[in-house]
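Visitor: Listed below are the residues making up each chain.
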Amino acid sequence: MRWKPLLAALGTAALLAAIPLLQRALGFSVYYLVFLYFIFFWVAQATSWNLFSGYAGMFSFGQVAFLGTGVYTVAILIMRYGWSLPAALPVAAALAGLLAFTVGWIVFRLRSLRGELFSLFTLVVGIGGGYVANSTPWIDGGQGIALTRVGYPALFESMTEYLYYLGLGTAVLAVSVAAAIQYSRLGRGLFAIHDDERVAEGLGVPTFRYKLTAFTINGLLAGLSGGIHAVQMNYVAVDSVFTLHFSLYAILMSVLGGTRHWMGPILGALVIHSLSDRLASAGFSELQQVITGSTLVIIILFMRDGIYGRLRDRLQPTLVLMAVTALVQWLALRPVDGLTLLTITVFVALAMLLLPPAVYDRVAAAWRPRFSSGSGMGSAL
Amino acid sequence: MKRGNLIHLLIIVVVTLGVTLGIWGAALAQDVTPIRVGSTLALTGGLAATGKIHQIAGTEFVKLLNERGGLLGRPVEWVLLDDEGTGDKAAAGYERLITAERVDLLVGPYGTAATVAAQGVADRYGYVLPFPAQSLTYNNVYDRQFMAWPTGLDTHISTPGIIFDAYLNTPNPPKTVAFVVSRFPSAQFLVYGRDGVGGAIRVAEEKGLQVVLDISYDLGTTDFTAIALRIRQADPDLLFVGALGEDGPNLMAAMAQLGYRPRGQFYLWPSPGPMLEAGPLAEGATSITAFENNAAYLRNHGAPEFVERFVRAAKEAGLPYTDPEIQAASQWAAWQILVAGVEGCQCLDQAGIAEYIQNNTIPTVFGDLTFDRNQNNVPPDIQAVKQIQNGQWVVVYPDRWAVEGSQLIYPSR
Amino acid sequence: MWDTALSLIQTAIAGVLTGGLYTIISLALSLSWGVLRVINLAHFGLVVLAAYMTYQLTQFGNWNPFVTVLATFPIFLLVGMGLQYFFLRFRIETTPSLLVTFGLFLILENVMKMIWTADFRRISFAKNPYFVSSISVGPLVLPLLLLLVFVVAVVLAVAFHLLFKKTHVGRALRAITQDPAVATAFGVDYERLALAFGGLATATAAVAGVFVGMIYALYPSAAEPWIGISFAVTIMGGLGNPLGALGAGVIIGLVEAMTQRVADPSVARLVSLVLLAIVLLVRPSGLFRPLVPEQ
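Protein chains in written order, with the working numbering: chain U, 1 to 381; chain H, 1001 to 1413; chain E, 2001 to 2295.
Just so you know, these hints were derived from the structure itself, not from any lab. Keep in mind the model is a prediction, meaning the values are calculated, not measured. All C-beta atoms, glycine included, are put in the ideal place defined by N, C-alpha and C. It is possible that part of the hints are untrue.
[Said to hold, decoys possible] Among chain H residues calculated to face chain U with C-beta under 7 Å, some are:
{"id": "1", "residue": "G1087"}
{"id": "2", "residue": "A1113"}
{"id": "3", "residue": "A1117"}
{"id": "4", "residue": "D1143"}
{"id": "5", "residue": "L1319"}
{"id": "6", "residue": "T1322"}
[What the hints assert, rightly or not] Reference excerpt, derived from the structure (chain U facing chain E, CB under 8 Å, subset only):
{"id": "7", "residue": "L98"}
{"id": "8", "residue": "G115"}
{"id": "9", "residue": "F121"}
{"id": "10", "residue": "F284"}
{"id": "11", "residue": "L301"}
{"id": "12", "residue": "M303"}
{"id": "13", "residue": "D305"}
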């Protein structure tokens, strides 16, 4: 069990929990809370997707079905039956988990649905969910559901704060679960399935049980996170909920970050969302989608393992570079708002990680010629 | 270093620099101007054609306002974001406008989803939100929102009433009606009502019409062949289409392919331009409106200059259809409401502005509007029916808004 | 009684003819998946792009819409070869190809949005009189464009079928699908064949685009509703089986049309998805035989 990354993550979570309190005291823009909420949301979505699809190597395109179930459950329970949000959330998670369980139970029994056919089937479930919601008046039927006047506990200063903590909590939960799975027998089994399912079965891994478990957890977490998101969205309609966008971004973030480690989706969510937020706010939403699409292509072509591995190897130089970038922006270019500063810093770090190993080693060696035993570049002699 | 890797490195450096400078540039290009009004609009996406009309109307209003000395003596800047016509992007957009851009005032977006989402955000932060239109009137529960388009709270009862009365007032009125409805939320609400009450179908039955068909289709449908077949089979006296955007021309073409032409056809909220472009197929088609370029409406406050400036701007923008109509007018009226509120209370305080609007009659291009909280701040229904006659939209009913001497022509063949 | 029967037949005919359109749109997906093992999601975007080109040439260049295919076919042939080269060079197949082409699809959609904006674009009735033309056969009405699209679908399906079964090239293609190593050992030039075939498959997008441009109003995300249907046609028809794709297209079109008679059109769209789900669960190799039976 690798303690260091886990401790770092928990420490970060504690820091993040303090931010709203800082906001109350210092009075900086509430927008930071909104931005961070979205990061938490995507971390939860990408992580929940990754702990099955990434670990086991069976790419589900149906994430949006779980999200949508969570969203609509909360919307219906709150607006039509007067439930409170804390009461509705477990139900949302449970229903999404049930959907995952059902689909998984049917599909995993069939050996014939491996690989891309599995992806296709989950794609169908995702798209179909939208049609069902649209055609069923009891669910949506076309009029959508507006979440008006949802209450929040007096402990929090605003709904924004409430959502922030709910989102943070869910993200921490998702990451903890993913990490726990990764280092457990379940995780080892899933990785074995990733490498070769038939061999794994031969070795005695209970593939059906493991896949079903992980897939159900995927559904549960995605539903929970989706339920919270319903309140953020304010108005829930099939068009904005059941889009391919949600499935695609969850996949992209995990693949970019690295699918074999719980840290991957976090990195991916941070990079993709900050970039898309800044570009969208500057009015470049089409360009942002082009960049997103290009990123997916580039990652699949050149870095199928994602950036996590490289981050670990190049950690210190990357952190130094990030600090320098942030400092330069802070000093040289006023006024620059915090989010832009963050995005550029992240982007520069990304560039550093995208350098192919040969180039990086060269640059690193040139930077530190004093050290005779280079880390991995010793063979330059 | 190998040449390939060098090029690789160069590309990465150049791209990084480029993106970095781009993002910096975007972040820095933010002016510091006195009064900032924030909105989102469907600038891209499926509703963009109408979104653009709203953008032009709003831009012209602000220009005119600034020419006349601005608001409270200060120039006005419109901060506009793209919500792509969806609720979640509108919610995110308004949240950004309020918290990151820190705008002073808000004007609502276009489209039901975006507007309802925006209301939730405005509610969260206490901002006044005047907006063009949102026909799920039962959702307008926030007390500081104000709707410009005068449909009345019970629009699912009053509006079909106006439409059917127009047809029943003709010498040879229709007896049967078919309903073909888009799955757009407000269209569904208008035709099917809510909780078993209202809706065009029930209103039609109450007025003695027989319903011979009732089907819904997905937003964005472009192939109406199957629906046209069913309409032809039902052969109604009046075809009532809960249409948006391009649905009208698409359906008319599908019916034409089958050699069928309805005796009467009504289209709920079509894009006005494409309807005219459909030529002879659309002759006799009717729709609902609250503003047209005729003498009756030009008497309203601000109407003449609205018409003049919008037409000019629309021509410059190369819009295919430059006549100002309900969509543009609703955006203009929303601004009129905001300005009246600010000038009335001589302040930028949200509570003060809301109170002024609530307690006073606001003159707009639609006429004088009043806001009653018991009616969810939706002004009473004063809409009219317009018809395509000789390739032009003509208001035909009721007399208050109709063109002198015009009549609803029914049946069409 | 006779009226009902007549309208039933009318509906059935409309459904079958529409199936032809589904076939043309799905053909490239089936062929590239079945033969080249590439699941090309970008294909949908290419169909819309071809439709936009047809729109542009017809509306602003005053070309006859049918003639535009002479311009678009070679362009898409080249695009297809370029794409295939890209897939070969990076050894992209199946699941990774799904992801990569999804990325390409996203790029394509947004580039189209930047060029043509999100507004609906439709060839005006004046320049596209075929749209409202129909042929009457007794009391039945056959919309002209749908009829043509069906005929073209049959022609294309038969052409590819003959290519596979009767020609040297076709045999070579089947061989490389079955076992690339052995085929190469027998002297088949895999790369060149794959390039040519990839180009040809993508070029069918040009044909599909002409009809889509003439029948529908265009907007950048117009492709998205087709995704579900095309996968249904592809899987049901058997990967790489052109006649199978035709059969599947007709079946789906027919079932959808019949469903629309009794239920809402949006339920009809659910139909193709349900059919696909059932086929995937029960007989994933397809209702018809795939080009190369699974091992």
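Visitor: Each hint should be assessed against the structure and marked as holding or not.
Guide: Hint check results:
With a least beta-carbon distance of about 4 Å to chain U, the hint placing G1087 (chain H) at the interface is held under the 7 Å criterion. Below 7 Å, beta-carbon pairs count as interface contacts, and A1113 (chain H) has one with chain U at about 5 Å; its hint therefore holds. Annotation: interface hint on A1117 (chain H) holds; nearest CB of chain U at approximately 4 Å, less than 7 Å. Restraint check, D1143 (chain H) versus chain U: the minimum CB separation of about 11 Å is more than 7 Å; hint violated.
A least Cβ separation of about 21 Å between L1319 (chain H) and chain U goes past the 7 Å threshold, and the interface hint is therefore violated. Annotation: interface hint on T1322 (chain H) violated; nearest CB of chain U at approximately 26 Å, more than 7 Å. Contact between L98 (chain U) and chain E, as hinted, is not supported at the beta carbon level, the nearest pair being about 18 Å apart and thus beyond 8 Å. For G115 (chain U), the suggested interface contact is upheld, since its CB lies about 6 Å from the closest CB of chain E, less than 8 Å.
A least Cβ separation of about 5 Å between F121 (chain U) and chain E falls short of the 8 Å threshold, and the interface hint therefore holds. A hinted interface residue such as F284 (chain U) counts as satisfied when its beta carbon comes closer than 8 Å to some beta carbon of chain E; here the least separation is about 10 Å, so the hint is violated. At a threshold of 8 Å, the smallest CB-CB gap from L301 (chain U) to chain E is about 5 Å, leaving the interface hint in force. For M303 (chain U), the interface hint is violated, since its Cβ never comes within 8 Å of a Cβ in chain E; the closest pair sits about 12 Å apart.
Nearest Cβ of chain E to the Cβ of D305 (chain U): about 13 Å, over the 8 Å cut. The hint is violated.
When the structure is compared with the earlier hints, violations turn up for hints 4, 5, 6, 7, 10, 12, 13 and for no others.
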